[in-house]
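Engineer: Throw the hints in and build the complete structure from the sequences for me.
For reference, the chains in residue letters:
Protein chains: 2
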Amino acid sequence: MTEEMEMLYEKLSYCFENRKFADLRILLLDMEPADIAVFLEERLDEKEQIMFFRLLPKELASDVFIETDSDTQEKLIKAFTDKELKAVIDDMFLDDTVDIIEEMPANVVKRILKNSDPENRKQINELLEYPDDSAGSIMTPEFISFSAGMSVDRAFDKIRKTGINKETIYTCYVTGAKKKLIGVVTVKDMLLADKSDIIENIMSASPVTVETLEDKEQVALKFQKYGYLALPVTDKEGCLVGIVTVDDAVDVLQEEATEDIQKMAAILPNEKPYLKQSVFSIWKARIPWLLLLMISATFTSMILSGYEHALSALASGAVLYAFVPMLMDTAGNAGGQSSGTIIRALALGEVGFKDVLKIVWKEFRASLLLAVSVAAVCFAKLMLIDRLYNGVTVKIAAIVSGVLFITIVMAKLVGCLLPLLAKKCKLDPAVVASPFITTIVDALSLIIYCSVSIFLLS
Amino acid sequence: MTEEMEMLYEKLSYCFENRKFADLRILLLDMEPADIAVFLEERLDEKEQIMFFRLLPKELASDVFIETDSDTQEKLIKAFTDKELKAVIDDMFLDDTVDIIEEMPANVVKRILKNSDPENRKQINELLEYPDDSAGSIMTPEFISFSAGMSVDRAFDKIRKTGINKETIYTCYVTGAKKKLIGVVTVKDMLLADKSDIIENIMSASPVTVETLEDKEQVALKFQKYGYLALPVTDKEGCLVGIVTVDDAVDVLQEEATEDIQKMAAILPNEKPYLKQSVFSIWKARIPWLLLLMISATFTSMILSGYEHALSALASGAVLYAFVPMLMDTAGNAGGQSSGTIIRALALGEVGFKDVLKIVWKEFRASLLLAVSVAAVCFAKLMLIDRLYNGVTVKIAAIVSGVLFITIVMAKLVGCLLPLLAKKCKLDPAVVASPFITTIVDALSLIIYCSVSIFLLS
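In order, the protein sequences belong to chains A and B. Going by my numbering, the first sequence opens with residue -9, and the numbers climb by one from there. Going by my numbering, the second sequence opens with residue -9, and the numbers climb by one from there.
Take the hints with a grain of salt, since some may be wrong.
Treat identical chains as interchangeable: a pair holds within one or across any two.
[Claimed, not checked] SDA-like cross-link-like pairs, simulated, lysine to any residue; straight-line CA separation at most 25 Å:
1) K413 to V346
2) K414 to Q208
3) K274 to V346
4) K215 to E246
5) K274 to K352
6) K352 to T62
7) K156 to G173
8) K348 to D25
9) K48 to K215
10) K148 to M193
11) K385 to V367
12) K37 to N97
13) K344 to Q214
14) K348 to V269
15) K151 to S186
16) K266 to K344
Everything labelled a hint here was simulated from the structure, so no lab data went into it.
Structural biologist: In structure tokens form, the structure reads like this:
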């Protein structure tokens, strides 16, 4: 938090506690809703929150409400009268209402729907039907549309009349019969055109569109690729049903990146900010993978136990054990590098399963280079450092470095192939990330290490 | 690639090869610059690329140019005549020109600057001075500004006259003497106001601003927090020097997420798309961490060697070795979960070093819950499964589970503390991610495992 914001928050607290409501109002009118929401959540207790909310200038209330987290929203809604609730809901865009509804318990949802306009209620119910990951779930039906024959002048009149309630006014949509989308026109086009120009002549007739059921991550990537401020959402018949705006796309990109990072760290996705997660919800998100990976490590124990007699029979058995952790860590790191790279490239749409041969070929060559470098340094390290404290012979050093070489190449191939296969099977590539690959590569490299050692040393 | 796009590309190829340039032009005018750039890069060889580029409708040329990658840009520039180069540069926004210049070799940069307008050249040089990670490096000086006393009608005239060359026309800036920023007004405000209203009365007088030297990741997070389409950039005196638009913020967020994922996978940041990276550049990005982590694993070898005699003296020495991989993997996973969580929370600005006590306390409680669950399941697994293939006794099972418990708690604390400490030391938290933490936690858990085993079993 900046000092400036800290001072502002102190002024707010002072006005609020000393009931200087007129001063409070003046301060609030100059603030961003997101900053007011932080003040409300972090500086006030539950009782004060509802009191403070009632003091908000009417035009700010629903904007601040949207910016609070779902726990606060639930508490506020429970404290609202029906009239207050209706005022807040009527002022929100429908996609925001839907986002809030999705986080609320059934009784709160009922109250929200009961207090919506019949027309809004119908649209909310339609939006709620779309699958969680689809364009439909993040779109809003509040857009401005023109008919093709309208003049620019009349189009501006329409914006002036209806624009205040639309999520964006800068991109407008041209529709024909049955709301069929026939073009897109921006306010910039309109401002640079003549007042008497006809919309049809200045619109772009083959706009980028998304379909209601398109994956919302794909939609967000389209924003990044084409750089638009809003994209039209059409149904299968090409009729315009809503728009997605760039702010929603930004949220999707950030959420997806967070989700990928969580999966790569062996955590189940968890949308809440860290400080608002309960200890139990942290446990719930982390325990499944931790248990699964612990149990699957049974294989490594089995392998080591299986080779135990043969290894113990060797004079250098104990020396060989000492390098197991190093081999396994390096294998895990090498595999994690490849899987991390491919998972991110898949998420950005840079590669797909169709590129599998190109990717394997590139990873194979890179892995040879990496394996040679690491094995050579490892051999040198074994002869220079490790020889000082344990009985490494040239033969053992060669075996360890040789196995390290094979392990790295293998780890890289497994690391790039598994995310691609997951994608092909319509699974999330991030699920087969580093921790999962480590377990597989550990087992494989142990088998190679033990069998090669026994073969060459006994 | 969608089928629709595939068909479009085939049509383009057909027209291009058969020299049907009028048809080609019609197709191109309806396409997105980003899609044309993909066609140019993926379907044409070097010689065809420049020929194709010369056929582009003039209004598309620089938009397509910006969308190609830096290797293609370099090749094109080298093939351009000075006149062609000047035409492309004059049509670009200055922030895009600066982005391109940053990727080019010195002789190409010279040519670009030589072919820019003197006024542009001066501004480009100023933009190039800003540090790589600063707001200044992603801003553009091409914005629309009004004086406070202008009427809405006259402001619209100014947009119509100068808007075509500005990066956005939807957010305009009100400046006073010496370009001091005094307010922000949107085209929406202007459209909903009366034509004779004075800008000063409808502008927002305390806009969100960023400073030229502010970290560009912070700037991008402000876009996400406040939802604006553009933010004004001011110098230390509060004078307006440029704007950042939301499309640049989206790029920054995506780049930063990619960078964090790369660092978490022990790779040095690499901005190029995966398929365009050379095998050597992949090697260069991955070898440093792979070597460093391999060498630092010397500690685990040292520890195991140090305890060798004592462990071999135990009847159950070989059984104990068999669980080392499982212990180490679980420790790595537990630490990775915490470091991944905290690194992402830091990147999203959800937490900071000031929250260290809250975080440690939360992670400590979560780690106790997790450690109890995993240790209990591990004990059951050892008695039910592992007993079948190796000589696990109740005592050994208790030792392994007990050490697992301690290891998980320790790994979680190290995993959450290190990224926070890195942040405090102004290092990138993502650098001390999972692979690094695994190495530390491995060594610690091995010491505990060996010493506890020897103490209790000998």
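Engineer: Decide, hint by hint, whether the structure agrees.
Structural biologist: Now for the hints, and whether the structure bears them out:
no. : hint         : verdict
1   : K413 to V346 : within (11 Å within a copy, 38 Å between copies)
2   : K414 to Q208 : within (16 Å within a copy, 36 Å between copies)
3   : K274 to V346 : between (35 Å within a copy, 22 Å between copies)
4   : K215 to E246 : both (16 Å within a copy, 17 Å between copies)
5   : K274 to K352 : between (38 Å within a copy, 14 Å between copies)
6   : K352 to T62  : between (50 Å within a copy, 21 Å between copies)
7   : K156 to G173 : both (18 Å within a copy, 24 Å between copies)
8   : K348 to D25  : between (48 Å within a copy, 22 Å between copies)
9   : K48 to K215  : between (38 Å within a copy, 21 Å between copies)
10  : K148 to M193 : both (16 Å within a copy, 22 Å between copies)
11  : K385 to V367 : within (16 Å within a copy, 41 Å between copies)
12  : K37 to N97   : within (21 Å within a copy, 67 Å between copies)
13  : K344 to Q214 : within (22 Å within a copy, 34 Å between copies)
14  : K348 to V269 : between (44 Å within a copy, 12 Å between copies)
15  : K151 to S186 : both (19 Å within a copy, 18 Å between copies)
16  : K266 to K344 : between (41 Å within a copy, 16 Å between copies)
Hint compliance for this structure: no hint is broken.
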